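Student: Protein chains in written order, with our numbering: chain R, 1 to 330; chain P, 1 to 330; chain E, 1 to 330; chain B, 1 to 330; chain L, 1 to 330.
Since the hints were derived computationally from the structure, they do not count as laboratory data.
Please note that the accuracy of each hint is not assured.
[Said to hold, decoys possible] Taking lysine to aspartate or glutamate and the DMTMM-like style, the derived pairs with C-alpha atoms no more than 25 Å apart in a straight line are: (1) Lys68(R) x Glu159(L); (2) Lys325(B) x Glu256(R); (3) Lys224(E) x Asp154(B); (4) Lys194(R) x Glu249(L); (5) Lys121(P) x Glu74(P); (6) Lys68(E) x Asp78(P); (7) Lys68(L) x Glu175(B); (8) Lys68(B) x Glu175(B); (9) Lys231(E) x Glu175(B); (10) Lys271(L) x Glu227(R); (11) Lys231(E) x Asp113(E); (12) Lys231(E) x Glu242(E); (13) Lys68(E) x Asp154(B); (14) Lys194(L) x Glu175(B).
All values reported here derive from a predicted model rather than from experimental measurement.
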Amino acid sequence: MDFSLIGYDPAGAWIKSASTVEELLSYKNSAGISWININGVEPSPDISRLAQAFRIHPLTVEDILDTKQRPKAEEFDDYLFVVLKSVSPGSLESAADEKEFNFEQISLVITRDTVISFQEKPGDYFDGIRKRILNNAGRIRRMGTDYLAWMIMDAVVDEYFVVFDALGAGIEEFEDRAIDQNDRDFIQDIQSIKRNLLRIRRVIWPLRESFAVLSRLESGFISKEVEPFLKDLQDNILRAGEAVETYRELIAGVMEVNLSAVSNRMNNIMKVLTIISTIFIPLTFIVGVYGMNFAHMPELQYPYAYPITWGIMVLIALGMLVYFKRRHWL
Amino acid sequence: MDFSLIGYDPAGAWIKSASTVEELLSYKNSAGISWININGVEPSPDISRLAQAFRIHPLTVEDILDTKQRPKAEEFDDYLFVVLKSVSPGSLESAADEKEFNFEQISLVITRDTVISFQEKPGDYFDGIRKRILNNAGRIRRMGTDYLAWMIMDAVVDEYFVVFDALGAGIEEFEDRAIDQNDRDFIQDIQSIKRNLLRIRRVIWPLRESFAVLSRLESGFISKEVEPFLKDLQDNILRAGEAVETYRELIAGVMEVNLSAVSNRMNNIMKVLTIISTIFIPLTFIVGVYGMNFAHMPELQYPYAYPITWGIMVLIALGMLVYFKRRHWL
Amino acid sequence: MDFSLIGYDPAGAWIKSASTVEELLSYKNSAGISWININGVEPSPDISRLAQAFRIHPLTVEDILDTKQRPKAEEFDDYLFVVLKSVSPGSLESAADEKEFNFEQISLVITRDTVISFQEKPGDYFDGIRKRILNNAGRIRRMGTDYLAWMIMDAVVDEYFVVFDALGAGIEEFEDRAIDQNDRDFIQDIQSIKRNLLRIRRVIWPLRESFAVLSRLESGFISKEVEPFLKDLQDNILRAGEAVETYRELIAGVMEVNLSAVSNRMNNIMKVLTIISTIFIPLTFIVGVYGMNFAHMPELQYPYAYPITWGIMVLIALGMLVYFKRRHWL
Amino acid sequence: MDFSLIGYDPAGAWIKSASTVEELLSYKNSAGISWININGVEPSPDISRLAQAFRIHPLTVEDILDTKQRPKAEEFDDYLFVVLKSVSPGSLESAADEKEFNFEQISLVITRDTVISFQEKPGDYFDGIRKRILNNAGRIRRMGTDYLAWMIMDAVVDEYFVVFDALGAGIEEFEDRAIDQNDRDFIQDIQSIKRNLLRIRRVIWPLRESFAVLSRLESGFISKEVEPFLKDLQDNILRAGEAVETYRELIAGVMEVNLSAVSNRMNNIMKVLTIISTIFIPLTFIVGVYGMNFAHMPELQYPYAYPITWGIMVLIALGMLVYFKRRHWL
Amino acid sequence: MDFSLIGYDPAGAWIKSASTVEELLSYKNSAGISWININGVEPSPDISRLAQAFRIHPLTVEDILDTKQRPKAEEFDDYLFVVLKSVSPGSLESAADEKEFNFEQISLVITRDTVISFQEKPGDYFDGIRKRILNNAGRIRRMGTDYLAWMIMDAVVDEYFVVFDALGAGIEEFEDRAIDQNDRDFIQDIQSIKRNLLRIRRVIWPLRESFAVLSRLESGFISKEVEPFLKDLQDNILRAGEAVETYRELIAGVMEVNLSAVSNRMNNIMKVLTIISTIFIPLTFIVGVYGMNFAHMPELQYPYAYPITWGIMVLIALGMLVYFKRRHWL
């Protein structure tokens, strides 16, 4: 577990790194807004002391520590509690898991003067926000914790669209693979995409409701000035949800193309077999007839019997070919 | 980026073209209603100056510039903001993209005396409205910005039905192609239509809600006189949504016909193969029998053995044919 | 375009036919309830004069003239406006279109003393209602325009169930056709039914909401006495909607039966082919062996080789048959 | 049509059978609760007199007589009107219809002192209730018409679960039939079950809403004491609705098993054909080679050519078998 | 039936086992909170006496005894009544039922000072809670019956996730089995999983609503302090519901993989058959030609005819192989 604190007010901003909660809290005792970021959540006395300092409900602590939480937003007496999940397009280290997306739980405790963010794994999601605070870019230093919380949530939601761009490119590639007949892993890769979409849907869907909950609150944690930003976030999450549904339908379409391609291929194989068989089976019968050893087979003695037989066989073969042509099999 | 301004009041109407925002704003300072149209949205100082002049919220500016927005309607203190998407049936220039529809984002900022419309690409969607204003056709000159905004939105929605007529004709053509067996591109063309429908659905669906939002507003931007027109627009968008769903079901029906046709064809191929094989395989066996070289095969010496064998083979073939007839295979 | 007017009050009823709107309106200027019926809607000065006389909103006129309207109910200051669609089971004149249902738009303008009905095509839907008025059957003459409007809407909705009876009979017939193997038009006829159901659904679905709108109005157009009748109409339209969904599921069931029948047939064809092939292919090999011309083939000289070979072949064939019997292929 | 009346108060209970409505009504003029049961509904003067006596609305009479009604609950000034459908598991008389369930419409008119029940067909559904009244079992005699109505509705809903038990047993049997390959009627029996489920759903679904309507009424027809019973009924109908959905999914699962079994069978047939063909076709070619009559074929004269040929053929056959074994076809 | 009682207050806790209801009730007459647990529900005088003592409504008693109840929460004058279902992953005793999950109905009657829990079968679900009470772990001894009821419900819901872990592992195993061609029980095992999921869904779905009902109550049974815990339970049940839906989709994906694998296998079988057949059928025809016994067949006498024939046949075979290579069949 690893702590960092950013403090800021309209006049300035400072970063502090701490090794104990007490040190961290000592930095906090200043005017302005504080942002405490905690990497790696695990049960520890530090978490308990932090919870005590900010009067965090035991259930909230439990939710922060359990990384299988459902995204949600809850209002407590002293803070807002938001759980959301960030998605990134697969770990770069191991090739085996490459196709699986990475999901990380991010919990926010938003009090009137402090935002505490809990990240499941260390990462650099929020570097952009840190820079904006330190460089005094935009309005961030003049705003409260609600705006900071919005920036964090917005960064997470924006990341979804980065993942979607990767997905979109992947699906276009699948459309080509769908008609390729030697692609043995196709169906399993498709299923892997579908599983990823299912998981993304599970982290996006509840957010629609959570953000709606946030904007409906009348507790004063969200100022009127930040409301349009929250509205915008809601629009983005709706857009993300629709994108997921669209990808699911596109994948279903790719499956249809593949099914149709497989079935066409089967048809073609059957056609070749049928054409070859139906042409040669009757001919083989004819040559079999004149291979019989009956003592009395008058045709065998006719001088032109052999070329005539050939002629008949060629006619039969041509007749078959014309028939297949007519039925559009050739 | 390219600016134009139409001003009008019950007495008259005038068109102005401007190269800078300042020039544009100078034209605006007149009585009556102003309609500013901007072709091609991209971040530029002009946009910022315009935003400042009309007190447009930074989030609105961001939404105008991001052409991947979801259609929506929002109320701000000084204006209504509407995002919608126009659809046109594919670019005429390049044959390759012919099958893909063109989507363009259109943003409207509606203040009490000005409508600002932002078009993603230059186009002539709104020529009809311009002419109506200049020719004083209908009631347009006597109405406010709400009526003008309605006319613009109505023009966009009417365009959907033009696209639907093209789609409807296309689907009828697909119904014929569905039973044609040499149509290799069929399944991919179907998928292209489905993708287009998915995209149209995504631009239509949110409009239902947006227009409902507009008519529920109590801010005074929409006058009581324009309300029935907005209601009508809502009906049209519902109709458009239902049309999309109907096309999706029709496409699914076309796929079913195709699947059934492919399966029937397979059946027919198998039937031909089976009929030819089952008739000739036993006959070939018989002629094989009398092709054996055993020293002691009494039949070989019978004078009528050969014609009798032929007779038996003809009987077997006829028997087979009768059997197939009975099973309705012929 | 063709006008007729029925006037009635508790004391009497009279029918007038008019060639101009002015003549029509002159008949109207009497006490009691008037019902104006107009066959064939097209833009004309007559419509405009009528609209002016009854203070009909331009948008309503537009909706009446556009026969692609979505069913709806709207309240205006001076009247209620209802659009609905009647369905009849296909034109009798041309055999080609026989399978397509006929849809006709019927618009009602309901003022406090007049009902104006607009029919897309001339027809005799409302003859029954006319007779009830003239014969003073039931309560009609004692009631207001709301009751008359209900009778008209009820007549249209009742017609749906006539169409459903035809559909139900048709679907039963399809259940028989689904297992017939020579029915080439089956899949296309099914699709035609499905298209019709889609279209019916589109005209029924919005009515549920429309009728609910009518009963929720507090404008005084609908009297308390007529409310139960409207409630009944709502029940009927719900029933109609459920019937459509049921027919769609039945059609899906018929498709499943057909798919299963096709697949069974394929199985049977494959079985016959496989049985014949697997019996005769080994036998043909055996007879081929003794057709070889090797100088040294001792079996050929054995006196009983030929009947022994026959015996072996019969045993192989019987073994195969037993095997197929065991696998339930025969 | 056949009338009966049960009257009861806390002190006693009596049954009367009447041949005319007048006689029936004379029995009714007593203190306490009356329950009038009418078997077989058809338009008749009796119905009209009854309607007049209890001030039943003409629309209610129409609904009672039309046995195609949708289940519903309606409140009128003088009574509650409830339509529901009972289901029984098929007529015992004719074996042909055995698979089709019997649906019967039951209408209840509930006034403050009388319940009138209309049964479509004579039956003994309500014998249990009659006995409870006569034997003074439970609380029935101390309660009002609302409790009696609940008992009747509860008896009808309980009957659904009897039907479900039969259905559940039937579906288990189908699971065995799904993998049986000679079951030609399977698909049609499945469709018959599906049709029954569709019909049951249509009679259950609207009841959820109807019972909710009843408990939301504030008219005093339903006493506070009976409310928990109505709540219980609502739970039962929800449970019934869920059971229907579960059966539909189970049937879909049975179809999947069947599809998979058919496809496995096809695979097996193809495997046998392919194994036999691919082993013997090359061998038949080899024996054909040495059946040729060329004057110069050196092999034919070698003394060991024949056994060597046999050896080669055995090797080829073994090689093929090993290949099939490797591909898991054997 | 078997009774036990745990009593506790902030100062202490005690367990009592009783053989009669009277004895049980005598233990109860103490200060603090009582928890009565009853294993095995069946109609008996004990249940009646208990119901009388706690003034439990006859309908509640009926619901407790009927183990086919739908999960629900109801408020009565003197108590809350909650029905829920616990799930465990199959009986360990008999291997045959191993695949079916065990469902058990648990009913809770929550009064102000007593919780009565009814378990369908004896079990040790609640041992953890008992220990917490006796060891005074956490806040349990300081809280009321609402907190105890929450602990019981939470224990049941937590058990769902244990079952889900087993399910998740099972589905991963299915993904491997889906492409295995000799897995005859695959489809039936899948159906068994689906049936289990259907049943779990039926017990989870209604809980969402039940818990919402509990938190909306204003009767004072649920204290403000326990509300966040109930909220957390609601989140868990939502998560459980989503997990079920996800498993259903994963199972559908596994079916798709299986279908695709079966179809690929069929394709491969057909390919092998077609390749062997189309190569050897023409060659067999050629050797048949020179097996004919015509008196005049000049080729037969050419000295190099035999090797030339071989050459032609090799060329044909190679040509075929090249053709198949080009079509990617090899």
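Student: It remains to establish, for every hint, whether it holds in the given structure.
Tutor: Tested hints:
The hinted pair formed by Lys68(R) and Glu159(L) meets the criterion: a straight-line CA distance of about 15 Å does not exceed 25 Å. For the suggested pair Lys325(B) and Glu256(R), the alpha carbons sit about 33 Å apart, so the restraint of at most 25 Å is broken. With a C-alpha separation of about 33 Å, the suggested pair Lys224(E) and Asp154(B) falls outside the 25 Å cut-off, and the hint is violated. Distance hint between Lys194(R) and Glu249(L) is fulfilled; the C-alpha atoms sit about 9 Å from each other, no more than 25 Å.
For the suggested pair Lys121(P) and Glu74(P), the alpha carbons sit about 23 Å apart, so the restraint of at most 25 Å is met. For the given pair, Lys68(E) sits about 38 Å from Asp78(P) by alpha-carbon distance, which is inconsistent with the 25 Å threshold. Annotation: proposed proximity of Lys68(L) to Glu175(B) holds, straight-line Cα distance about 23 Å (limit 25 Å). For a cut-off of 25 Å, the pair hint linking Lys68(B) to Glu175(B) is broken: about 34 Å separates their Cα positions.
The suggested pairing of Lys231(E) with Glu175(B) is violated, with an alpha-carbon distance near 44 Å, which exceeds 25 Å. Annotation: proposed proximity of Lys271(L) to Glu227(R) is violated, straight-line Cα distance about 64 Å (limit 25 Å). Distance hint between Lys231(E) and Asp113(E) is fulfilled; the C-alpha atoms sit about 22 Å from each other, no more than 25 Å. A distance of roughly 17 Å separates the Cα atoms of Lys231(E) and Glu242(E); the hinted pair therefore holds under the 25 Å criterion.
Note on Lys68(E) and Asp154(B): the hinted pairing is violated, with a Cα-Cα distance of about 47 Å set against a maximum of 25 Å. At roughly 14 Å between alpha-carbon atoms, Lys194(L) and Glu175(B) fall within 25 Å of each other, so this suggested pair holds.
Violated hints, listed in ascending order, are 2, 3, 6, 8, 9, 10 and 13; each of the other numbered hints is respected by the structure.
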